[in-house]
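J.: Here are the chains, one letter per residue:
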Amino acid sequence: MSIQTAPTPAPARSRDGSGLSFGRILRSEWIKVTTVPSTVILLAITLVVMVGLSTLYAWQLAVSVGFMADASPEMQAQMGGGMEMFREQALMAPASGYIFGQLLIASLAVVLIASEWGTGMIRSTMVAVPTRIPALLAKNLIIALIAFILGAGAAFISYFIAQPILSSEGLDFALTDDGVLRSILNTGTYLAFIAVISMAIGTLLRNTAGGVVTAIGLFFVFPVIIVNIIQGLADWIPDAARFLPTNAGDRMLMFPAEAAGQLSPLEGGLVMAAWAVALLIISLLVAKRRDV
Amino acid sequence: MIEAQSLSKRYGAKTAVDNVSFTVQPGKVTGFLGPNGAGKSTTMRMIVGLDRPTDGAVTVNGKPYPRHKAPLHEVGALLDAKAVHTKRSAYNHLRALAATHGISNKRVNDVIELTGLGPVAKRRVGGFSLGMGQRLGIAVALLGDPQTLIFDEPVNGLDPEGVLWVRNLAKGLAAEGRTVFLSSHLMSEMAVTADHLIVIGRGRIIADAPITEIIAGQDKIRTLVRTDQPEELRRELENRETTFTQLEPDLLEITGRDPRSIAEAALARQILIYELTPRQSSLEEAYMELTRDQVEYQSQAIDQPEAPVPAAEATLISGGGKSA
Amino acid sequence: MSTAAPAAQEPRSSGAGRVTFARVLRSEMIKTATVPSTVILLAVSFAVMVGLGALVAWGTVQLVNDPAAGPPGGLGASAQSLAYDIPASGLPFGQLLIAALAVVLIGSEYTTGMIRSTMVAVPTRTPALLAKTLVTAVISFILGVLAAFATYLAAQPILSGSDLDFGLDADGVLPSIINTGTVLALIAVMGVAIGALLRSTAGGVVTLVGALFVLPIITGLLSGLADWVVDAERFLPSSASAALVATRVQPEAFNQAEGGLILAGWAVVLLAAAVVVIKKRDV
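Residue numbers (the numbering used here), protein chains in the order written: chain R, 2 to 293; chain V, 33 to 356; chain F, 887 to 1169.
Because the hints were derived from the structure by calculation, they are not lab data.
Keep in mind the model is a prediction, meaning the values are calculated, not measured.
Think of the CB as a built atom: it goes at the ideal place given N, C-alpha and C, for glycine as much as any other residue.
Hints are supplied without guarantee of correctness; some may be wrong.
Stated by the list, open to error - From chain F, some residues computed to sit far from chain R (all C-beta separations above 12 angstroms):
| hint | residue |
| --- | --- |
| 1 | R912 |
| 2 | T918 |
| 3 | Q966 |
| 4 | L1032 |
| 5 | Q1042 |
| 6 | D1057 |
| 7 | D1117 |
| 8 | R1134 |
| 9 | A1139 |
| 10 | A1143 |
| 11 | E1144 |
Stated by the list, open to error - Not everything, but these chain V residues come out facing chain R in the computed CB check (under 8 angstroms):
| hint | residue |
| --- | --- |
| 12 | K101 |
| 13 | L104 |
| 14 | H105 |
| 15 | T118 |
| 16 | K119 |
| 17 | L129 |
As the list claims (entries may be wrong) - Examples of chain F residues lying across from chain R (beta carbon under 7 angstroms, computed):
| hint | residue |
| --- | --- |
| 18 | V990 |
| 19 | A1088 |
| 20 | G1096 |
| 21 | L1108 |
Construct the entire structure; sequences and hints are all you get.
T.: Shown next, in the form of structure tokens:
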């Protein structure tokens, strides 16, 4: 046993870095996301799936138009709408992958945050950043940014792949056409908001399976049920349903931009942003107060 | 320096930590002892801000832990070696934590070398053995080169070389003037590592003193005596303060009489003694005595096939575990 | 201290000790019942399914009173026959929650490491997997039937106001109620199989939910592509489920028996794959 009388003064220590800063915490969260191999793989798969879906969508459209062109005039009348309708649908091609993309991004976002609790990593994180909010906020920002780049990127790539397919039936369009750039970029915005809402759910529930189920229920099952089943129930239901996060967010991507009784792209974006910000703030406050 | 004042933590009806106050001083190794479930881990978690105290407060180097601008430079904590993502490599885990404070890659590599993780640093943590995981936890604690160190069961799963390494690490850090606060169940290690002890039981502090005092608190003189005539010797020495335990047919443990008086009594009766050894209390014995009534989770002894039959008058069982 | 070495002792055992399927089954029942998420998910599923069914009942009544509020072009069927579908209307949510429950029950064994204890206790492995599947399927079946029945009961008072109430003997109603249970049981089997194959809760839930909910959306989108897409869609698990609980057979769709066979086919194939993989793979 060693017996110390007076403590010797601490030696000058190697102290690089002067401590916590938000920029550093951002960097830490970036490292965390990029150093788990399955994350990178999942993101790549999401990209491929989204582009693949958009390609199929474009192809399907071209086939339909080709079919119609070959069909008799009676059938053409029956198919209704005509080229105008098809042209409008063609504009959706770059963004159309978002249906599957949001499922994967929602799950990934929940897992990336809830797994900190699942693996116990959250304790290391909270000891390094005891004020907690900067770490969670940084994680949200990084993952939202990744989701945005993924979504917009997938939509861009899909745009370029779709043009040759669509041009065979005269359905091609330019980037500068009305609303095209909006739809492409907002595929990214939409996925970013999905990610933030999913992360809030993951933080609040601290459980991967529960979080994934809740997020999927909120984004997929709930709106579908509302649309198909409950809408006849009362007048205000279809009106209110427009303000659900995914229903509102859809408007950012869709054509035509202005439609009767529907939110405009800007309104839709703001509504979805409001959902995301509100849930984010709630999750941050709860995480700060709660025992880890 | 760690200062706890009237620290309490309640979970509903259960009180895990009950009005605990202590100071952990720099420049020495302070051991934190207590039975399972006594509140050690909860106390340590409150020190680093993982749990919020129900009452009271605890500060590190003068401020509550979350208020420090560079927490990892103030306190390095090994609380839970499993607080890692299994699919990440040890190297990346350290990098991610280092990045929050702007700690350089060079320091990360230094800490890896220091803890002997060099060969496995780039491998996934999920595949680590218990000992390697433990070393990673220590590496995380050392990352910020902190003034205060908190280790919860640091030698858990380490091989003998690792155990020795931790002992020297703790003592070396204390010698540099840092505050070292460590908890362990390994009594033999604690006895040679710690300078000061804080003992907790059922959420309350039972003892807070230098280690020598705690061991000396067991102030009963005990002597081992080997003789062919134990019965005669006993009859000679018997009185109210002296008790006897028969360990083997020719081996007695005599409590309450100093060796010289035992030898004199034997000589007076012409009883041959061929072993006369004073026995000092161990930390384990002192600890068991202190916490005897405080143990929350008691194990049951498993029947031994041939337990030594205790001598008829054996009363005080000092040393624990010899009979069920 | 002790002198002689202890005499060799008889190996002690407090029971016959063999691993039988009945015992493995009991073990899986204990495991399932003692995890909080099971009870929570089952309770939530029941509440949501019945609540949804009641809402649909109410919605149907509204539609009868005010046909203009419904989808344009009418409903394509009489209100009464629509009412027959009400008991099973909670199925979409039930599918989501049961899929999650089934995947969690096995996925969590992997993420917590419990699977190692299980495989050491039952080294032949297959009985453990089958027992877990059986327990989960039975629980899901019971939940489905109870929820559909409760929905039926809750709907009658709502419907009677518009003379839409009906007895259990009405066309296709009783099979619909029972098959709500069948669908959930088969989905549970798929969930356990997928969870065992992927060894991950999140991955399993995403895959199964994607197969059940997103795939139909995609095939819907692509229906113009080729004839076979529409044909293939009928073989999706979601379509097969719908066929199983339908009270009247839709044109171009499979009937109940065919739907049941298809869904069972999916379940059996996935389960067989899981059995093979679990046996061969390192735990």
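J.: Evaluate each hint against the coordinates.
T.: Here is what the structure says about each hint:
| no. | hint | verdict |
| --- | --- | --- |
| 1 | R912 | holds (25 angstroms) |
| 2 | T918 | holds (15 angstroms) |
| 3 | Q966 | holds (16 angstroms) |
| 4 | L1032 | holds (20 angstroms) |
| 5 | Q1042 | holds (18 angstroms) |
| 6 | D1057 | holds (21 angstroms) |
| 7 | D1117 | holds (16 angstroms) |
| 8 | R1134 | holds (18 angstroms) |
| 9 | A1139 | holds (17 angstroms) |
| 10 | A1143 | holds (26 angstroms) |
| 11 | E1144 | holds (24 angstroms) |
| 12 | K101 | holds (4 angstroms) |
| 13 | L104 | holds (6 angstroms) |
| 14 | H105 | holds (6 angstroms) |
| 15 | T118 | holds (6 angstroms) |
| 16 | K119 | holds (5 angstroms) |
| 17 | L129 | holds (5 angstroms) |
| 18 | V990 | holds (5 angstroms) |
| 19 | A1088 | holds (5 angstroms) |
| 20 | G1096 | holds (6 angstroms) |
| 21 | L1108 | holds (5 angstroms) |
Consistency note: the structure conflicts with none of the earlier hints.
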